[in-house]
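*Asks:* Spelled out, the chains give:
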Amino acid sequence: MMTVRAPLIAEERKPGQFVILQLDDNFGERIPLTIADADPVEGSITLVFQTVGKTTHRLALLSEGDKIENLVGPLGQPTHIEKVGTVVCVGGGIGVAPLHPIAQGMKRAGNRVVIIIGARTKDLVILEDRMRAIADELIICTDDGSYGRKALVTAPLKELCERDPKPDMVVAIGPPIMMKFCAETTRPFGVPTVVSLNSIMIDGTGMCGGCRVTVGGQTKFTCVDGPEFDGHLVDFDNLMKRLGAYKKQEDMAHEKCHLEMEMEMEMEKRNLKLET
Amino acid sequence: MSHKSAEQLNAEARKHLDALLPRKDALKPKERMAIPAQEMPAQDPAERRRNVSEVALGYSQEQARLEALRCLQCKNAPCIEGCPVRIDIPAFVKAIADGDYQKSVDIIKRNSLLPAVCGRVCPQEVQCQAPCTVGKALKDVDKAVNIGRLERYVADWERENQSFDVPAVKPETGKKVAVIGSGPASLVVAADVRREGHAVTIFEAFHKPGGVMIYGIPEFRLPKKIVQMEIDTLAAMGVELRTNYVVGRTRKLTDLMTKDGYHAIFVGTGAGLPKFMNIEGENLIGVFSANEYLTRANLMKAYEVGKADTPIMPSRKVVVLGGGNVAMDAARVALRLGAGEVHVVYRRTEVEMPARVEEVRHAKEEGIEFHLLQNAKRILGDEYGRVTGIECLRYELGEPDASGRRRPVELKGSEFMIECDAVIVAIGNDSNPLIKQTTPELNVNKWGHIIVDENGRTSIPGVYAGGDIVLGAATVILAMGQGRTAAKAINEYLAG
Ligand SMILES: Cc1cc2nc3c(=O)[nH]c(=O)nc-3n(C[C@H](O)[C@H](O)[C@H](O)COP(=O)(O)OP(=O)(O)OC[C@H]3O[C@@H](n4cnc5c(N)ncnc54)[C@H](O)[C@@H]3O)c2cc1C
Ligand SMILES: Cc1cc2nc3c(=O)[nH]c(=O)nc-3n(C[C@H](O)[C@H](O)[C@H](O)COP(=O)(O)OP(=O)(O)OC[C@H]3O[C@@H](n4cnc5c(N)ncnc54)[C@H](O)[C@@H]3O)c2cc1C
Ligand code: SF4
Ligand code: SF4
Ligand code: FES
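Protein chains in written order, with this note's numbering: chain P, 1194 to 1469; chain C, 569 to 1064.
These are computed hints drawn from the structure, not numbers from a lab. Some hints could be false.
Reference listing, derived: stretches of chain C covered by chain P, where coverage requires no fewer than 3 residues with Cβ under 8 Å from a Cβ of chain P [unchecked claim]:
{"id": "1", "stretch": "769-781"}
{"id": "2", "stretch": "808-814"}
{"id": "3", "stretch": "834-845"}
{"id": "4", "stretch": "854-867"}
{"id": "5", "stretch": "991-1004"}
Beta carbons: idealized from backbone N, C-alpha and C, even for Gly.
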């Protein structure tokens, strides 16, 4: 977690929006991170990130007082927040960070907010206290059962959908595979489900098209049309493939059977998001 | 065409020049027209296809003076009509023939602020050089006076020989102007408005200023240091530059006036929304918009393999769709990033290609293969979602369409495959919708281009616009020209 001084962004940002930062003007990568929280009075924003690669590692090495060379935002469409009744917020791994401001907003709008936090293991559960402060009901699941329920987030989500009255809305943020299965869980119940996509980005202003995703058969740009979309319409399989585009997998044995490959992709995505 | 080295070209020019210079003012039109059109020295194609240094090396002094002697100094000067900003072409060319390069560049700068850029990237063959009397008389537009190359010569001469004077700025007026975007339209507005003593802030979404001249047009065609110098000059004039600032997001357009106290705004946000073909397979891995490809390569410096953190996956065989400058740039960048083969697929013929003639020729010399009267039908991928090939259709030219160009008509059943591992879509750009989305009171047309009057005024008082956001994807010189007009209107608005 990191707090960054950015008065203008702190003032303008709304839940669901993100920033793009770059650590070195010439050769650095531009990476998107969600604004997890903001303090317009102090002029600061909070970023929560997982160290997965070079840029996030270098970011983690910064200490207090250091400067981030380039920071631009707030980007993306804000979450559409209104009073609908009961909202279930599902966060997987680091996805809990971007979920936080949305849960906060939903609560302030007068909704009953149920929060489900999922993580691989106890140590990877983040923002539990902040989320507890918002939630009318909080459910924690871990894959290994080291904390809360031993289950995937889709299990309690399904139970909630079976309740009467069923939830009016679900917001799911986490690894693509998790969002995909959350959307599949709510689909039979007809519960509107919003997901926040983490496509690869460069500019974040709609200029490059690198962040494009297929939603309802149409091409959308995550950075300007999203990052949130109707989970029932998103082509997650294409998203997951595109996310893997820059992984060193050229040499991956082609003779591997299809199923094995797919399982590996799932595993990889989980590790990507949940490992520290 | 055999490749002549810069030394050879210079030696040939010197021979002619020695004979002609003593009588330079007495030369008859016939003698002038007999002077061979000077070829642009260029890097050897075999070498340049693997480096990112500038391809066209620029005339030597001898070549420039000899080329200038070809100009007939026509009284009616049809060339001026062909230049969107109406540079006094015969006058600046004459100054070169006289060897007074400072005078020459000063004449150009009365109308154009970026001669080093325009001399390099203007599509001269359809602008100033198209109506040139010499070209007409010799029945070949390629033999017209090479006005663009001469313009480049004196601009480069000034940069290399002269300590640059920072343009004078009038006393501060206390008025503030916001300029959004930092492409050519914006740079001109910033300079012209600042000169009148108004405070100017440029807001740029990217971390580096310059617009398409930085992230789109590659180094080998427009060295970044040239654009950087223009920006340094603006800074020296006291223009404030704020990068990483997306107007419409970081601040809403109208908030700049109501919250931050700007008295006028210029919107020069360009045509940054890549078009796709909406065909099957377009979201496969290995399919890029030209904007993404070029941004990764130029701005993020993907060509510095090992140093840059934003890579482009290496490709063996690349197919580029489109026939404009963007397509040529993408194709030639792909080659420089190490692609074994690069194929350009365009649905009309070479005559209709919107790219500059010189770029098409350079691309061919570098070994890029052209597939004309063909177009993509769908893109095919493997089980991992990676591109494996592209299915194309053959076309023939039918009746002219609204643009006056003959419309390509597909030949039924002519499908065939090109195997490839990357596809770059370079079929044009629409307007960037960001500001429009967050500023509903700004009027735009059906393509999303901002609507302005002949002075660059939009539907919001005090807000002006110009460049590609108004014209749709156009050219550097047109963007500049619109900037000039808008700046004049802004200065009048603030004075009144
Ligand atoms: C709108 C949005 C909001 C996000 N919010 C958060 C957040 O709040 N916290 C957080 O930890 N992560 C967030 N991410 C993901 C984060 O951007 C990536 O983890 C980060 O870019 C990885 O960079 P790296 O250099 O450390 O890793 P790399 O080694 O470059 O990449 C590791 C993996 O990260 C992904 N990735 C790489 N580059 C990008 C890119 N430019 N954009 C998106 N993904 C990329 C790829 O799947 C890649 O395989 C968000 C992504 C998006 C699009
Ligand atoms: C690859 C390529 C090759 C080309 N080749 C040629 C050529 O050879 N000859 C020629 O004459 N023309 C060429 N063009 C076209 C020419 O570059 C453009 O017409 C010209 O740059 C348009 O200038 P502009 O000032 O309107 O904006 P641009 O140069 O497009 O700059 C707009 C700037 O605004 C910024 N911006 C956008 N939205 C916002 C926002 N909301 N807030 C802040 N900043 C924002 C962008 O980041 C960008 O920096 C080429 C274009 C491309 C893409
Ligand atoms: S600005 Fe362009 S069109 Fe005008 S004279 Fe120069 S090269 Fe020709
Ligand atoms: S038309 Fe050609 S020959 Fe005549 S003045 Fe212009 S450049 Fe010279
Ligand atoms: S990040 Fe470039 S268009 Fe979305």
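*Asks:* Hints first: check each against the structure and report whether it holds.
*Replies:* Hint-by-hint comparison with the structure:
Figure legend: the stretch 769-781 of chain C, annotated as covered by chain P; annotation consistent (4 residues with Cβ-Cβ distances under 8 Å, at least 3 required). Residue count for the stretch 808-814 of chain C with a Cβ under 8 Å from a Cβ of chain P: 4. That meets the three needed, and the coverage hint holds. Taking a C-beta to C-beta cut-off of 8 Å, the stretch 834-845 of chain C contributes 4 residues in contact with chain P, enough for the three needed, and the coverage statement holds. Here the stretch 854-867 of chain C counts 7 residues with a CB under 8 Å from a CB of chain P, which clears the bar of 3, and the coverage holds.
Only when three residues or more bring their CB closer than 8 Å to a CB of chain P does the claim for the stretch 991-1004 of chain C stand; here the count is 3, and the claim holds.
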